[in-house]
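**Q** Given these sequences and hints, build the entire structure.
What follows is each chain in one-letter form.
There are 2 protein chains.
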Amino acid sequence: MTIQSFIPPRRILMGPGPSDISPQVLQALSRPTVGHLDPLFISMMDELKQLLKYAFQTENEFTIAVSAPGSAGMEACFVNLVEPGDKVIVCRNGVFGERMRENVIRAGGVAVLVDDEWGKPVSTAKVEQAIKENPDAKILAFVHAETSTGALSDAQALGQLAKQHGMLTIVDAVTSLGGVPLKVDEWQLDAVYAGSQKCLSCVPGLAPVTFSPSAIEKIQARTTPIQSWFLDQSLVLGYWSGEGKRSYHHTAPVNSLYALHESLVLLQNEGLENAWQRHQRMHEKLRDGLEKLGFEFVVEMPYRLPQLNAIYIPQGIDEAQVRAHLLETYNLEIGAGLGVLAGKTWRIGLMGYGARAENVSLCLKALEDAFV
Amino acid sequence: MTIQSFIPPRRILMGPGPSDISPQVLQALSRPTVGHLDPLFISMMDELKQLLKYAFQTENEFTIAVSAPGSAGMEACFVNLVEPGDKVIVCRNGVFGERMRENVIRAGGVAVLVDDEWGKPVSTAKVEQAIKENPDAKILAFVHAETSTGALSDAQALGQLAKQHGMLTIVDAVTSLGGVPLKVDEWQLDAVYAGSQKCLSCVPGLAPVTFSPSAIEKIQARTTPIQSWFLDQSLVLGYWSGEGKRSYHHTAPVNSLYALHESLVLLQNEGLENAWQRHQRMHEKLRDGLEKLGFEFVVEMPYRLPQLNAIYIPQGIDEAQVRAHLLETYNLEIGAGLGVLAGKTWRIGLMGYGARAENVSLCLKALEDAFV
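Each protein sequence line maps, in turn, to chains X and U. Note that the UniProt record's numbering numbers the first sequence so that position 126 is 126, with each residue one more than the last. Note that the UniProt record's numbering numbers the second sequence so that position 89 is 89, with each residue one more than the last.
Read the hints as simulated data drawn from the structure, not as lab findings. Certain hints may be false.
Pairs of lysine-lysine, DSS-like flavour, derived with a Cα cap of 25 Å [claimed, not checked]:
hint, chain 1, residue 1, chain 2, residue 2
1, U, K344, U, K285
2, X, K344, X, K292
3, U, K245, U, K120
4, U, K132, U, K87
5, X, K245, U, K344
6, U, K245, X, K344
Covered stretches of chain X (in silico footprint by chain U; criterion: 3 or more residues with CB under 8 Å from a CB of chain U, positions within the stretch not fixed) [as the list claims (entries may be wrong)]:
hint, stretch
7, 6–18
8, 102–109
9, 246–252
Glycine included, C-beta positions come from ideal geometry on N, C-alpha and C.
**A** This is the structure in C-alpha cells:
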C-alpha cells in the first residue's frame, strides 16, 4: 500500500490546546531550516530569550524553551530541583497537580498532598497548614491555571507564602502564560514552565521555562546527579547562553523555535496587558452566550479562567456525538472533560489567536443549532 | 526595543545535521494544526507508524516517534530498559558512545566500557571478550553510525553476538536510518532510536524509536518505576496505539509529525534501497573530488559512512574562518569536528535530501576556491 501526503483540513481549535494558530506563525514555522549553531540562529535564540522574559515578566537569565512539550517542561523543573528525599508540598486540584505528584515521586522526592476539589482554586489556608505541619518541606508545587477544570489559583499569594517559609516554588503556567496576568519576578516564583500551544498560539512541542537565581542555586548545590541527561539544565544552559562559543547539547528544534519566536513577536506587538484584556473580553462574550443557552460553568466567577471555559453537559446528551458533529459539520473542535470531569463537562478554549469574536460567535451558534 | 520577525536565509546544510530539507516537507510542516486527538490526526499517526516500520525494516508494533530530539530518543531507550543495578556493555568509539555511558549511569545502571579508537568501528572481538568477562551483563549498547567520526559499525554482527548471549541491544541509529542499510528485525535489534533531522531530512525535534517484543517484555517485567514520566513508554503507548480510544499523555508536536510523515512518504516513494544507493553514489562523487583536492578521510573505506564524511583539515588553516567563509559567501554549512576531533576535522554531511549532485559540486568548488 502506498501512503499519500497528509492534507489536514482547517480546523477551528477551541479545545484545551493546541489552540488556533496565526497564519503568520505557520509561515514562520516553514522558513528554511538553518543549523542549530549557525550564528544567525544563535542571535534568534537570544531574541527568543528576551521575548520569553517579557512574556514571563522576569529578568531571570535562565529563561529558555525546553525542546519538548509542556510535560517535559514540568519534568525539567522537577528533576532539576528535587533531590532524592526532598519533601515537596504538591497542590492537587485537577489532572496536572496529580502529574506533579508523579514527577516528585519519580525524582525520588517525598510528596505531601494538599487536595482541593476539582474546579476550585488551591486553598492558601490549607497550604499554610501543610507548611506548618511540614517545616522540612523545601518546595511548594502548584498549578496556576488548571487546564483540566478551568480554575485559576492565586500564584501571588502562594508564592509569598513559600518565600515566608524559605521554600522554593515550582509553578505550572502552561495555560496561564499569555492569557492571564503572570508576574514571575513580582510574585517571587522560582521555577515556572509553560507550553507553546496554549495562549501563545504556537505549534505544540515546546515548553518555555524560567528559573530564578534561587532555583539555580539549589541546582548548583545538588549533591546527587540530575537523573535526566536530556533535561539537565546545567548542560542545556551551555547551549542557550554564554558570550563566546555555544556548546552542543542536543539539536534544537530549529523550525519550532522560529514559530515560537514569531508568536512572541505577535504578543510583544499586541502588548501583554492587551492580550490579557482580549482573553477576558472574549470570555465575557462567550459566557453571556453560553448562559443564554442554559449552560452552567464548572468554576465560579472569581477564579474562572477566561481562556478555558469548562461547562457542564446537559443531561441526556451523547457528548461525544455532539463534539463529533461540531468537528464534522463546522470543523470546530471543543474539548472533552478530563479525569473525574470526563463525560460531564466540555472545555471550550479561547486561547491566544483563538480568542477572537468570530470563533466565539461560531461556537455559540453551532452549539445552539446542535441542541435546538 | 522591538524585536522583528526572524527571516532566515536559505542555507545549504552539509553539516552533521540538521540536513537539507525538501520544500515538500517544509510545506507539510506548515499545514493547519489539528487537535492531537482529532480522528484525522490519529489516522495520520497510524500511517506514520507504518512508514516508520518500513524505514526501520521491522514489524515491531511499538514503533513511534518520541516527541523530542534524538537525545531524548536515546534517553527513552535507556530509562525504559535499564533498571538500577543492570549491567550494560557500552561501546565507545565517539561522542555518542560516551553519551550512552552517561545515560546508563543516570538510570542507575552499571556501565562496562568497550573502547575503540575514534574513527574506527566497534570491535566485535572486544565486545565478545567483554561479554565473556561480564556474563551478568543484560544489555549491549552501541552506535551504528557515529556522527562524531563517520564510522559505521557492524550492527548485524553485534546484534547476533548479543542474542547468542541472551542480551538485549540498544542501538543508536540517529545517523544511519535512511542512509545506510539498517534491518532491525533481520539483525535482531531490540531498542533502536534515530533522529528526524539526518537522513530522513525532516526538521529537527523528533526521535523515531522502535522496541522489539523482547524489549517490551523487559519493560513490563520491571520491578522499579521508570524514572521519567515524559519518556515512560508504557504511558506513551496508550496514546500511540489501541483499537478504541487513545488516552492523552502529552500534547503531540502535531506539525512536526506532519513533516515526519511527509519525509517518510518521500522515502517510501523513492524506495529504501534506492535511497541507500543514492547516498553511496553521492559519497563517491564527493570522495573523488575531495581526494583530488588532497583531503584525507578520518575513516577507512570499508566502514566509512557515505552520509557523514569526516576529513582532516590541512595544516595551518584557520578552520573556523573557512567555515564562516563558506557560510557567508555561499550560504553553505559544513560541520566542525566534535570531541577529540574538534579543530582537526570537518564533517561534510550528505544526508537525505542533502545528498544531491548540486550540493556535492557546490561544496567541492567552494572548498577548492577557499584554498587556491
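**Q** Now, for every hint given, state plainly whether the structure supports it.
**A** Hint-by-hint comparison with the structure:
| no. | hint | result |
| --- | --- | --- |
| 1 | U:K344 to U:K285 | holds (23 Å) |
| 2 | X:K344 to X:K292 | holds (20 Å) |
| 3 | U:K245 to U:K120 | violated (48 Å) |
| 4 | U:K132 to U:K87 | holds (13 Å) |
| 5 | X:K245 to U:K344 | holds (17 Å) |
| 6 | U:K245 to X:K344 | holds (17 Å) |
| 7 | 6–18 | holds (count 10) |
| 8 | 102–109 | holds (count 5) |
| 9 | 246–252 | holds (count 5) |
Checked against the numbered hints above, the structure violates only hint 3.
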